[in-house]
Every structure is written in structure tokens, then in C-alpha cells.
Amino acid sequence: MTKVRIVDTFFPVARGGTYCIPGPFGAGKTVLQQITSRNAGVDVVVIAACGERAGGVVETLREFPELTDPRTGKSLMDRTIIICNTSSMPVAAREASVYTAVTLASYYRQMGLDVLLLADSTSRWAQALREQSGRLEEIPGEEAFPAYLESVIAGFYERGGVVKLKDGSIGSVTIGGSVSPAGGNFDEPVTQATLKVVGAFHGLSRARSDARRYPAIDPLESWSKYPSVVPDDMIEKARELIRQGSDVGQMMKVVGEEGTTIEDFMLYLKSEYIDAVYLQQDAFDAIDSSTSGERQKYVFTLLAEILESHITITDKTEARRFFHQLTQTTKDMNRAEMDSSDFKELEAKLRQQLSEVS
Amino acid sequence: MTSGTIVGVNGNMLTVKFDGAVSQNEVGYALLDDMRLMSEIVRIRGDLADMQVFEDTSGLQIGDVLEFSGNMLSVELAPGLLTQIYDGLQNPLPRLAEQCGFFLQRGTYLDPIPRDTKWTFTPKTKIGDSVTAGEALGSTQEGIFEHYIMVPFSFAGKYTVASIADGGDFTVTETIATLKDEAGNTHDVAMLQRWPVKVPIEA
Numbered sequence: 001m002t003k004v005r006i007v008d009t010f011f012p013v014a015r016g017g018t019y020c021i022p023g024p025f026g027a028g029k030t031v032l033q034q035i036t037s038r039n040a041g042v043d044v045v046v047i048a049a050c051g052e053r054a055g056g057v058v059e060t061l062r063e064f065p066e067l068t069d070p071r072t073g074k075s076l077m078d079r080t081i082i083i084c085n086t087s088s089m090p091v092a093a094r095e096a097s098v099y100t101a102v103t104l105a106s107y108y109r110q111m112g113l114d115v116l117l118l119a120d121s122t123s124r125w126a127q128a129l130r131e132q133s134g135r136l137e138e139i140p141g142e143e144a145f146p147a148y149l150e151s152v153i154a155g156f157y158e159r160g161g162v163v164k165l166k167d168g169s170i171g172s173v174t175i176g177g178s179v180s181p182a183g184g185n186f187d188e189p190v191t192q193a194t195l196k197v198v199g200a201f202h203g204l205s206r207a208r209s210d211a212r213r214y215p216a217i218d219p220l221e222s223w224s225k226y227p228s229v230v231p232d233d234m235i236e237k238a239r240e241l242i243r244q245g246s247d248v249g250q251m252m253k254v255v256g257e258e259g260t261t262i263e264d265f266m267l268y269l270k271s272e273y274i275d276a277v278y279l280q281q282d283a284f285d286a287i288d289s290s291t292s293g294e295r296q297k298y299v300f301t302l303l304a305e306i307l308e309s310h311i312t313i314t315d316k317t318e319a320r321r322f323f324h325q326l327t328q329t330t331k332d333m334n335r336a337e338m339d340s341s342d343f344k345e346l347e348a349k350l351r352q353q354l355s356e357v358s
Numbered sequence: 001m002t003s004g005t006i007v008g009v010n011g012n013m014l015t016v017k018f019d020g021a022v023s024q025n026e027v028g029y030a031l032l033d034d035m036r037l038m039s040e041i042v043r044i045r046g047d048l049a050d051m052q053v054f055e056d057t058s059g060l061q062i063g064d065v066l067e068f069s070g071n072m073l074s075v076e077l078a079p080g081l082l083t084q085i086y087d088g089l090q091n092p093l094p095r096l097a098e099q100c101g102f103f104l105q106r107g108t109y110l111d112p113i114p115r116d117t118k119w120t121f122t123p124k125t126k127i128g129d130s131v132t133a134g135e136a137l138g139s140t141q142e143g144i145f146e147h148y149i150m151v152p153f154s155f156a157g158k159y160t161v162a163s164i165a166d167g168g169d170f171t172v173t174e175t176i177a178t179l180k181d182e183a184g185n186t187h188d189v190a191m192l193q194r195w196p197v198k199v200p201i202e203a
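Those protein sequence lines, which keep their order, are chains W and H. Counting in our numbering, the first sequence runs from 1 upward without gaps. Counting in our numbering, the second sequence runs from 1 upward without gaps.
So that you can see chain W by itself, here it is in the shape it has in the complex (with noise of 0.2 Å):
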């Protein structure tokens, strides 16, 4: 339970999961990272920054601190524990640094505690991998990364789990490694071996960071196998309706706004809709930031019934308007609190809004 809607609702981690974040640079991983850490149901956060710049490490450092926790009311920094070792630093001690700080977690996790471990990033740890290997002369694989580079990958992500203690309490450690795939390129050996143990995989893309949208998470390339808070069926449509707007919104940089029919175009406006006040979220707005689960079940089903109903506006700048309108209702109720009246208010507002036009 991360309190981010995209990841609890469309690709969600369950507890003692294994996720990936693949990312090119400046997608927002470490953004991620952070509200990750501050919301996530967990009690223990073990933060390996294995491998990146030095400047990166620098401004985690720097920020971590300074981060208040929301269970306690004071630093995050009093229930995390930071491993970093950057790319300045010496090689062999990078490897080690991953084993290090799942052993940490581990630790805690046999109190009973549920720990999660950020690996930022598993493809510096495979790059030490390769140098160690390569130093060795041992025969290479792909990309002259060692053979067993999936044993071993696999061996650190089944590090991760819940597991039932002596004394009858439950544990767990959350493993959320990124991956920084050389060129974005999804086929290279460490994304590929990661896919392949990992529960969930949330891909960050370039274009979704530079259009401004956060979080970063691409809606139609990212999976997970783990449970979400809303049925499965309502996930399904709404990923199908994000899936043929995008296709429409390809279309539409072709023949134009004029080529496209009305039915197309309400289908691009609808998921764009639902891409605007669902998947992306306010990072500096203390309510949006944070969006229970109760309460992501609560929006979303409402969502649900608007994005299914029959809207009647044949005028294509007409139906613009209208959902710029509906897009500000919803913005705003994203920002006010549950059970606060201004939240009823702009809910009663957005259906009224609705029944005009269907």
C-alpha cells in the first residue's frame, strides 16, 4: 500500500512483493522513491543507493532528513536506514552493498516488523557483476554480463517475502529494485532477468516525465500479478478505455481533430480524463499526495459509472469544454479531505455536471 493511486489501484505491491522500476534518467524515480517511503505501510525502510552518481546519493541524503513521517510526526529518517555507496566509490563494495542492506532488512524482519528495501540501482550491481566476472575470466554471457547474472539476480530478489515467525508474528521484506537499462532499452540482460522473478513492474517513461504527467508510470506498458484494492474487472475496463484513447490520440497526430469521429474523439477526452485526475497525482499537495485505499475505491467507482455513462454532446469543442470542466471538479475534490463537506459538495457538483449533458 503505497497511497499512490496508479500503483495501488492499476499495478499493485503486496507485501513481502518483489517490484522494478525501470527508468531512463530524470523520470522521477527518485521522487517515487521518496513518497514510497513516506506512505508505504511499512515500518522499517532500507534505502541502497548502489551505484548512482554522487550528486543523487547527495540530494537523498540531504532531503531524507527533512522528510516528516506521517505515522510519528518526525523525520523519516528515524525509521530508515540509508546504504549508499556511488559510483565514485570502489566497485567490489557495490556488490557487497546489496547484500548488505538486505540483510539489514532481514533483521528486522525477524522482529516482525514489515521492512521495505529500495535498490536503486540493481543494474549498477550487475555492472560490478560484470567487472568482477570479467576480471576472473570467466566465459561472458550477454552483453559480456556473467552467465549466472539470472541465478543471481533471482538469488536477491527470493531474499524478499513474508515469513512467519517463532512466536506466531508475521514479517515482512518488500524489495523495489530499479533498473537503469542502458539507451531505455527494455531488452538488455538485467531488465530482462529481473522481469522474470519480480511480482510487479511499474515503468517509468520519458514521455509521460517530460509531458509533466506524475507519476511517470506508463499505463499500458506496466503489469502486476499482485491483488488490487478494486476489482479486477473494473481495473481491466479502464485500462482498455486508457489503451484505445492513446490509440485515437495516435491517430489524431495524423488525419487531424477534423478526421476523427465524435465517438472516437469522446473516447480520447474520456481516458485522457482519467489519465488526468486518476493516474497522476498532486506530489506537493499534502491530500493528494496520499490517497487511501478506502478511499481510492471510493473515487474510482464513482469514476467508473461518469467514464460509462452515455454523454450526448454531438459539438467536439462542446465536449472539450465539458470535460476541462469535469476535469477541474474532480482536480478540486482530489484536494479536499474525505469526509469534509467540500468534498460532498464538489462530488454532488460533478454529477449534476454529468446529468446536463447525458
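Just so you know, the hints here were simulated from the structure itself, not pulled from any lab data. Remember, predicted model here, so these are calculated numbers, not experimental data. Among these hints, one or two may not hold up.
Stated by the list, open to error - EDC-like, lysine to aspartate or glutamate: derived pairs with alpha carbons at most 16 Å apart:
(1) W:Lys349 <-> W:Asp332
(2) W:Lys237 <-> W:Glu272
(3) W:Lys344 <-> W:Asp332
(4) W:Lys164 <-> W:Asp114
(5) W:Lys331 <-> W:Glu347
(6) W:Lys164 <-> H:Glu135
(7) H:Lys198 <-> W:Glu63
(8) H:Lys118 <-> H:Asp169
(9) W:Lys316 <-> W:Asp264
(10) W:Lys237 <-> W:Asp275
(11) W:Lys297 <-> W:Glu347
(12) W:Lys253 <-> W:Glu236
(13) W:Lys331 <-> W:Glu272
(14) H:Lys17 <-> H:Glu67
(15) W:Lys166 <-> H:Glu202
(16) H:Lys158 <-> H:Asp181
(17) W:Lys166 <-> H:Asp129
(18) W:Lys196 <-> W:Glu150
(19) W:Lys166 <-> H:Glu135
(20) W:Lys164 <-> H:Glu202
(21) H:Lys124 <-> W:Asp167
Based on these hints, arrange chain H on the given structure of chain W.
What follows is chain H alone, placed relative to chain W:
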């Protein structure tokens, strides 16, 4: 203590000829002037061990001595881990910076857990109780969590609590309990335990 001599250097990889017994993933220290450079065995062939050094290796020569520690690469587990900033070998970076300045010196290793901090120990077991690895002997408060002091994960089999501290303030290395194994030998237990990083904890 087993020692060896360096017969080859390739980047951060050393080939070491040793006499005695060594094991895979064992830690050794290459001696260079007054520095001790930490390294780990990654492969053993015959009486040659390939070791990766966790530091810059410039200056090491053929014939230099390397001392094996007898332990695998391990981390220290004890109260006081939270809020720390470590490097990949569990060196506390802020304290390291206090000692060496902004440029870290190779071969400097500090205790990951401060040895002088005292923690309030509250026992959860009493003399005569039977315990196994991973069971809580007592606890201490670390931040917002109750940090369990467990029977070290490396203790195989059943143990009987022979003595246990009544509570009070202890440093992480002070003995808080003694355990008796089935053969009748006693073992001292402190709040701090070590665990090799490449082995998953199963307790």
C-alpha cells in the same frame, strides 16, 4: 591465523597463494604500509585464492602479505541501526567523514554500531527457559519500535537460559545473557550479533 602472499594483481582482483585453510567468501586484509585493505575471496583453485579488494589497490606488490580473518563478509546487527548512513561494507559514513575529512582514506573501517551508546534492556525470558535461534531474549526501545534482542541466528539446536540480565542499561557488546547448549557448554550473548551477508537469515 592463515596468511598468504600476493602472486598477482589485476585491477581490484588479487591472486593469493595461501597455506592453511580458507573458505569461499572469507574476508582477508592485504597489508600495505600501515594500511589494511579489506578483500573477499571469490574463487579458490588449488592453493590459489582470487580475492576482490573493496578499495583501490594501487601500490600492492607481488610478495605482499595478506591475512585471512576466518570470517565471511558479515554485518553487525544490533539496536542503533536505524537512522544510520552506511557504505556498502557497513562503515558509518558521517563518522568516517569526521575522522578522515571529505576524502575517505582507504583501509579505514569503523564500528558500524557505536560501542558507547547504552540501551535499556528488558528481559522477556527467565533462567531455565528453553530457546532456539531467533527467539527473543528481551527487548529494548529503538525509536518507535520495540527492538527484540534475539538468540543469535547462528546458534543451532536448543539452548537453555543459564543467566539473564535483570534489565538496565547496557552497551551493545556487554553480555546480557548466557545460554547453555545441549552438550553443556555455555555461550555469552550480547545485544550485538554478526551475520554473513550472502546467506539468507533463516530462524
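Status of each hint after checking the structure:
| no. | hint | in the structure |
| --- | --- | --- |
| 1 | W:Lys349 <-> W:Asp332 | holds, 11 Å |
| 2 | W:Lys237 <-> W:Glu272 | holds, 15 Å |
| 3 | W:Lys344 <-> W:Asp332 | holds, 11 Å |
| 4 | W:Lys164 <-> W:Asp114 | holds, 12 Å |
| 5 | W:Lys331 <-> W:Glu347 | holds, 11 Å |
| 6 | W:Lys164 <-> H:Glu135 | holds, 12 Å |
| 7 | H:Lys198 <-> W:Glu63 | violated, 31 Å |
| 8 | H:Lys118 <-> H:Asp169 | holds, 6 Å |
| 9 | W:Lys316 <-> W:Asp264 | holds, 11 Å |
| 10 | W:Lys237 <-> W:Asp275 | holds, 14 Å |
| 11 | W:Lys297 <-> W:Glu347 | holds, 15 Å |
| 12 | W:Lys253 <-> W:Glu236 | violated, 26 Å |
| 13 | W:Lys331 <-> W:Glu272 | holds, 13 Å |
| 14 | H:Lys17 <-> H:Glu67 | holds, 11 Å |
| 15 | W:Lys166 <-> H:Glu202 | holds, 11 Å |
| 16 | H:Lys158 <-> H:Asp181 | holds, 6 Å |
| 17 | W:Lys166 <-> H:Asp129 | holds, 15 Å |
| 18 | W:Lys196 <-> W:Glu150 | holds, 9 Å |
| 19 | W:Lys166 <-> H:Glu135 | holds, 7 Å |
| 20 | W:Lys164 <-> H:Glu202 | holds, 11 Å |
| 21 | H:Lys124 <-> W:Asp167 | holds, 12 Å |
The structure fails to meet hints 7, 12 from the earlier list, while all remaining hints are met.
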